[in-house]
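J.: The residues making up each chain are set out below.
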Amino acid sequence: MAEEKTIEIGLAPPHPSKKISISLPPGDPPPYPMGQRPVTGRRRPRLDGPIKVTGRAAFTHDARKAGMLHACVLRSPHAHAKVLSIDTAGAEKMAGVVIENPKKEVVRYHGEAILALAAPTRAAAEDALRAVKVTYDVLPHTVSLAAARKEGAPLVFQKAVEEKRSAGDEPGEATKLPQTGNVRGPKNSGKGDVEKGFAEAEGTLEVVTTTAVQTHVPLETHSLFAEWLGDTLEVQASTQGTFSVRDELAEVFKLSKDKVIVKAEFTGGGFGAKFGAGDYGVFAAKLAKKAGKPVLMALDRKEEHLSAGNRPDSWNRVKLGYKKDGTITAADYESFGTAGVATGTGTGGFVKSAYGFPAVKVAESDVFTNLGPGCAMRAPGHPQGCFAVETALEALADRLGMDPLALRLKNDPSEVRRVEWEIGAKEIGWARRAGISKANAVAAAAGSPLRRGLGCAASIWYTFVAPGSQVIVRIHRDGSVEVENGVQDIGGGPRTPIAMVVAEELGLPVEKINVKIGDSRYPFGPASGGSVTTGSLIPAVRAAAVHARDKLLDVASKLLGVPASEIALAEGAFSAKDKSVEFRKVCSRLSGETLVATGDRAKDYDGADTRLFGAQFAEVVVDVETGVVAVKKVVAVHDCGQPVWKTGVESQIRGGILQGISYALFEERVVDERSGRVLNPNVEFYKILGSKDTPEIVPLVVDFYPGKNNAHARGIGEPATVPTAAAVANAIAHATGIRPTALPITPARILDALGKVPKREVGA
Amino acid sequence: MKSFERIQPKSWEDAALRLAAAREKKISSEAKGAGTELLDRMKEYNLAPDQVVDLRRLTSHSSLQRNSSGGLSIGALVTLSTIASALKADFPALADACEGAATPQIRNAATLAGNLCQRPRCWYFRSAEFQCLKKGGVECLAKSGENEFHAVFGNNTCAIVHPSAAGVALVALNARIETLAPGGGRMLAAADFFVRPEVDIFAENALRPGELVVEIHLEKPQGLRSAYRKIKQKQSFDWPLADAAVSWRAEGGAAKDVRIVIGSSAPVPFRAKAAEALVEGKRIDAALAARAGQAALEGATPLGKNAYKLPMVAAVVRRTLLAAAGLPDGTEEPA
Amino acid sequence: MAKSPEPPEETRDEPKGVTRRGLIKGIASVVGVASAGATTLLVEARHELQAASGNGAIPVSLTVNGAARTGSFEARTTLAEALRDAWGLTGTKVGCDRGACGACTVLLDGAPVNSCLTLVHDADGRKITTIEGLGSPEAMSPIQKAFVDADALQCGFCTPGMVVSCSALLARNSKPSELDVKEAVSGNLCRCGTYTGVFAACDAAAKTGVTRG
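Protein chains in written order, with the numbering used here: chain U, 1 to 764; chain L, 1 to 335; chain V, 1 to 213.
If you're looking for bench data, these hints aren't it; they were derived computationally from the structure.
Treat the hints with care, as some may be off.
[What the hints assert, rightly or not] Quick list of in silico lysine-lysine cross-link-like pairs, DSS-like style, CA-CA up to 30 Å:
#1 L:Lys-305 <-> U:Lys-632
#2 U:Lys-756 <-> L:Lys-273
#3 U:Lys-65 <-> V:Lys-127
Build the full structure now, drawing on both the sequences and the hints.
T.: So, in structure tokens, the structure goes:
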């Protein structure tokens, strides 16, 4: 039976908290009370650090087995074509080559898979691939958002397309939407009375912003190693979802779930693109079956760019109704974006959720193009939407002569974020802003090309919970402890917080906890997307650890002759008053060989707002003679409930910021309009921030107890990247007086906005 | 990459003979130094030679030799990182050009001769999926396509930019390039080594088939001043959007024999002759450097998406002149 | 280093495969015109005939992490492939296979290079150090330990290359500035965003006074 309990939620002192009454789920320990804990909430080294820094962590790329084959995929060189013929005779003659040819009839993007084959070496597989002859009837294509929207543009799909939700998207119902030409939508949503809001406004302001396609570029490309052991398919996958890969393979090969084993101990980055088995993974399993040998399929960098997902581009129009004191009365928001042959480009989440705008109307449309499918990428839609709205707010602050931060505070009802704004403003030195403006004027007069600027932007994300997560804690008679869950490590490093939670409950050193993850034979764990991993998993870990502890306490109680409630468990011993017994000794008295305790992720109970807030501040220096931007410092203040492993949370924040800066300044997929081919499917001209572009970063996490689960656990991966690009853009605006409305903010765009780019008549 | 036969010659002469022999037999063959750039093209299947003649393991032409007059001979196989660290004092333009090229890993392997002979990074040229003018196609695809990283000078035929930063410095330093070929070697002025697309659309330099670069010679006249600067979008590994090298002899406070060479802006390292003429014989100061930057734009023919490079060229010429003169350029950040 | 001999027009993009007989004839003619000593030529001719027949494998021997390694590889085999596929040293990663990401960084006679852009035969007779040679989980090198302490890693895929670059930096510069570190890893791409940890790790490793990274 559920137990009624009073818990304290909110920010830690000195901020006011509140007491609420909850129904504690049966068997679930009560949430952490406010205050420091001995292990969790602290910094410490990553448990799997030593094997990663010594090259011993075996990624999917590293799978090697005697007799294995290497696979590769034949891909379309055309943006849109009928496949007239496929001649594999040359490849078939080559030694050890197996081919999987699904006889594709139409290809809709540059890099779309046509067939796959495997051979004893990667080089041999490439030789075989080049021996396959394909003839095409090239069809008209459309590859830009603007062109594809036009009437009469070549159609990417002849029929209406149903949305296919991937595990990384925000949860939601697949919707049937109108489709005209290549435009699917609009999907309308919103809140409040927008007409009334605009009627009450004393002015309106409209901006249009655009963002470019960003590709995930995990350092380890999508890859899968497949081997059939009798009727069981065993794979190692570079994935964000051990179980989503298992379920997809089970479905494709019509196998029961117990006949598919997925291992995913180490994944070389994902960022939203690695949830399923993928066509490449299915090819690997089919080839393995055909060859009767293990097969490794690892995409090359070009395939990764072309076919393995991206953050769609966007065109966003935001119109704000406002009062002269800066209060926003309504927002009208429209977005178009292309995810190539896929859907899910909406960017309206931010405008609806981030601030306290009373009335918001959103219309989002997908535009199909002949380009590789977009997919979830770290906070889908939100960096784009944040850039649009925060650009509009910055423009409004300018118009009203208001301090940009004051304008945001005027419209921000979130108690948590108001604290975050305050902390961040202090850390970045927001009070310097007026002085910096003056110094810029002095620099300009002195002929220096360098201008400094400060900018800020808000974050918003949501707490999602993947239901069904379960954890097993095993304690052996020798005192050793294992924790099992199938979750994968894509870089967030779940081994460490899992061990910390268990170590804390059992009073053991963190290193003594043997965490076993990344295997579908362990209990279900969440896919790492939507920042759900921590929030879904940690409460189950804690429940399992508490259950194990309680069982040990029973044993200790008998040994010590005192009631369990009087026994403390710390530093490897059970103690009561003057009596004490070692952890190992208690374990040696277990009735069975192993104590097994399970913990389930209980349903959320009452607590704070489910939104994750956050505020970021950026300081930049812009060279107005060359348009080159240097980001000097980013301060990021975030809330993520009670961080279990502070080091990991800070690393996630740093990573989100660096991806955000890279998105703001560098990243852009470039497509040749005439051929429809991507021109920069590499990491040479698809530009990604590197060491010398990395600023000082100050990650700060507010001490927050949101309730909802026994660990106050929430995620951080996504909120950390939402506002960075907007904050950088606003800092550039402050530095230069221009207002960036297109990402990436390249030197070309800055020079152009500054009026320094001559028109074409120069010398032409 | 396609399978090939590796040829390990015993000497440079042997290598040249092997290349000539292959040509006679209509066997495609490529000479390879470190191979950092060659392998890139081979992996892209943009190039699939039957033979690769390895030069990397030859022992001659692999060191720096100073002569009595302060000049220098640089062996073809000397790496960029060696040049960057050894020549900072004497030839800062070349040292800085090499120091900023590519990545530390590539600079540790890549040779000076390989750097001079590397093929363009134009994305149409680099992708085997395009048949551009340089590969026997009918038109330069960049001119009417995506040309943001392409040439703003001399781009009438083909809009590549020459990728060698070292080449920009060597033209500025008036280096001579010594070659070896079965019929005898040559000595080419660096400026004559690089050829425009109008001269040879299939190559970016004057080397004849099978001819090899063996040494690069530099003289160090009294009072030599030089500098190299570049502008990049990204400060970690990235190709410059514009770069420049300058040199002159300081004579009683005036700059003599001024050479101003712009990189990343034309199919060859591009001499800004109007800017040179403006500066020649004068004392360099901030105002003159700024005027020279503007003068360097003479003859520019920007394409649809790269006119932004013009202010960059002006800026980089201004800054490089001031750097060689030891003067501040205004980008020194206040503390 | 030289311009390639211009293939005939029709073969410019896809040079024709050479027949084995043609190849051997070609070699014979080279032997005929070369002016060097006959013994060497014979040895070379044997190598080339090996290359021209069978699977085209050529022997190579080098030192990897202090131990002699030998093998026979096709001429096109990169050092990264030999390390990973033949010698099981999968700590060296291949991220872009074009020298632009640095995940494949190894030390060649002490200097960091891209093993994806180095042919294994170019490393013949030379000393290679891979990530595995710097330390083990039980006995990490100072820079490896500093990476763990500073959490200079997330997914860990770029990490071996990053560690190798930092190790080489510390071996030649015992007190690197942050700018030195930024330069040293400017050819190592990290998508998770661990650079600030890398800077801190190098700083900490340098402060321990251990110059050998």
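J.: Next step is simple, just say for each hint if it's right about the structure.
T.: Against the structure, the hints:
no.	hint	verdict
1	L:Lys-305 <-> U:Lys-632	holds (29 Å)
2	U:Lys-756 <-> L:Lys-273	holds (23 Å)
3	U:Lys-65 <-> V:Lys-127	holds (27 Å)
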